[in-house]
Amino acid sequence: MRKIFINQLVKAATKNKKIVLIVGDLGYGIVEPFKKNFPDRFFNAGVAEQSMAGLAAGLALKGFHVFIYSIANFPTFRCAEQIRNDIDYHNLPVTIVSVGSGLGYGNLGYSHHAIQDYALLRSFPNMIIASPSNNQEIEGTMNYLLKNPQPSYLRLDKSLELDCNKKIASINPGKWIFYKNKKNKNLIISTGSVFTNCEKLSVKNNDYDWATLPMWGMKFKNQQIKNLKKYKKVMTVENHLQDGGFGSWLSESLTQKQNKIQTKIVSKFLDKKVIGKVGSENYLNSRYGLK
Amino acid sequence: MKSSSYKKFSLKIRKSILKIANSSQCSHIGSNLSIVDLLSVLYLKFLKTKKNSFILSKGHACLALYCVLKEMGFITEKILNSFGKNDSILMSHASHKVPGIELSTGSLGHGLPVATGVALADKINKIKGKTFIILSDGELDEGSNWESLLFCSHHKLNNLVIIIDYNKIQSIDTVKKTLNLEPLTKKFQSFGCKVLNIDGHNFNKIFKALNSNSSKPLVIVAHTVKGKGVSFMENTVLWHYKSLNSEDYQKAMKIIR
Chain A
1 MRKIFINQLV KAATKNKKIV LIVGDLGYGI VEPFKKNFPD RFFNAGVAEQ
51 SMAGLAAGLA LKGFHVFIYS IANFPTFRCA EQIRNDIDYH NLPVTIVSVG
101 SGLGYGNLGY SHHAIQDYAL LRSFPNMIIA SPSNNQEIEG TMNYLLKNPQ
151 PSYLRLDKSL ELDCNKKIAS INPGKWIFYK NKKNKNLIIS TGSVFTNCEK
201 LSVKNNDYDW ATLPMWGMKF KNQQIKNLKK YKKVMTVENH LQDGGFGSWL
251 SESLTQKQNK IQTKIVSKFL DKKVIGKVGS ENYLNSRYGL K
Chain B
292 MKSSSYKKFS LKIRKSILKI ANSSQCSHIG SNLSIVDLLS VLYLKFLKTK
342 KNSFILSKGH ACLALYCVLK EMGFITEKIL NSFGKNDSIL MSHASHKVPG
392 IELSTGSLGH GLPVATGVAL ADKINKIKGK TFIILSDGEL DEGSNWESLL
442 FCSHHKLNNL VIIIDYNKIQ SIDTVKKTLN LEPLTKKFQS FGCKVLNIDG
492 HNFNKIFKAL NSNSSKPLVI VAHTVKGKGV SFMENTVLWH YKSLNSEDYQ
542 KAMKIIR
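Here the protein sequences come in this chain order: A and B.
Per this note's numbering, numbering through the first sequence is continuous, rising by one, with the last residue being 291.
Per this note's numbering, numbering through the second sequence is continuous, rising by one, with the last residue being 548.
For the record, the hints were derived by calculation from the structure and aren't laboratory data.
The beta-carbon is built from N, C-alpha and C at its ideal position, and this holds for glycine as well.
Incorrect hints may appear among the rest.
As the list claims (entries may be wrong) - So the derived list for chain B, only partly shown, Cβ under 7 Å to chain A, looks like this:
| no. | residue |
| --- | --- |
| 1 | 390 |
| 2 | 401 |
| 3 | 407 |
| 4 | 432 |
Required output: the full structure, derived from the provided sequences and hints.
See below:
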């Protein structure tokens, strides 16, 4: 995922002189192609995320599309108010890239577990959350973000290189991508790097269709009801805690017409008992909620 | 420009601040009065060109800025009079919804990182402009400023002019008794900045400092008086909070200078 991201960014920056990349002293072995090709548009802000996010807002005020790059909770929680006040409120073209979604840094411990980031980012009204689940989705979300610079959060898996064997024409915020569509009355829907988990669930539950929502956010919540109401049962899957997560977001979209809609949402998410535990991503996911 | 012209302009702004502070019953009057002379020189001499940018990081002193923006033709008197009222665009912290203001502020420690980005953008675009920013002294408690100083001195952003409104009183006590900033000049110098200490109410010295060039980021430590111009408000913590009743307003308008 990281390589696809940087390759697309380098390609885009060749044509678009307004693309800038700032890293928070992370990205070794990944960001070098950008640095080499565009030394005057690459900056290392150091271990200083508030400075990095504010800096990005300042550059964006002057017309640059700025990508800020770090891992886990550093470019989000550490500079949450800069994202809220400077980037989102001013509706500025800054894309926050965080590597190591969910429990990707499983054995590094709680500081590195990005399992509450949706809750933070989805509370900002202009923010698009881009949470791709495979190679094709990262390509599609990057294409969209590069063409439509705006406040956005790109949540990348640490090491996932997964080809979904499907050609995706385009990815747009709020739009579902179907991986199994057999007109079933039940649906599995996920966001982020839980593709393999969902694939298994889909095989096990033959009476469920399967889709992902790679780009979402506050602006696209109410429109979800149109698709949701076609299903009797919807199972959401995410590598995030339940509170403030994707399943909660989707459930909220139903509350506007609660009495008229029969759709039931059940959610698979990370149990809060995972907090403070270490282990591989696979182990923690299956032990704490994503079997 | 003669000192008397700046003085006349500043007096007009101070009277405007008192009038609106009285009608809106807002607080932060002392913080507003302390930056008026800095704003006068900035707006009358340095911000008439679009090449230069300005950020008011101490967003709670926005009334002074709004009054200046009205004089400079950015907003009408009617809009200015709506300050702090229902559905007004003039909230009591600097807002980018107001013509002439690029950055909303209010939470301290946000302005400098953004101003650093603006100055960096000018460097990348090879625009020969300057970015001016006013910070409060209490605001320097925020770590984000020091993160930014590391960046702007590392990248030699000599197009950035950081003005500290050093009135020596912060929210509930003096700076000295809260978190002493001294030796402030040495702190900035050790972060790689050029530092000028000036009387923040002396127009010639303000002009000279703002107009000076440097190979490093420039910090102007402007020694100011909180509540400047209204003797009973000067150097008091009280007028960070107190709103202006009619009696105080009449009294202030009589003695203002």
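Here is how each hint holds up against the structure:
1. 390: Violated: closest Cβ of chain A sits about 15 Å from residue 390(B), beyond 7 Å.
2. 401: Status holds, d = 6 Å.
3. 407: Status holds, d = 5 Å.
4. 432: Residue 432(B) check fails; min Cβ-Cβ to chain A is 14 Å, beyond 7 Å.
When held up to the earlier numbered hints, the structure conflicts with 1 and 4 and fits the remainder.
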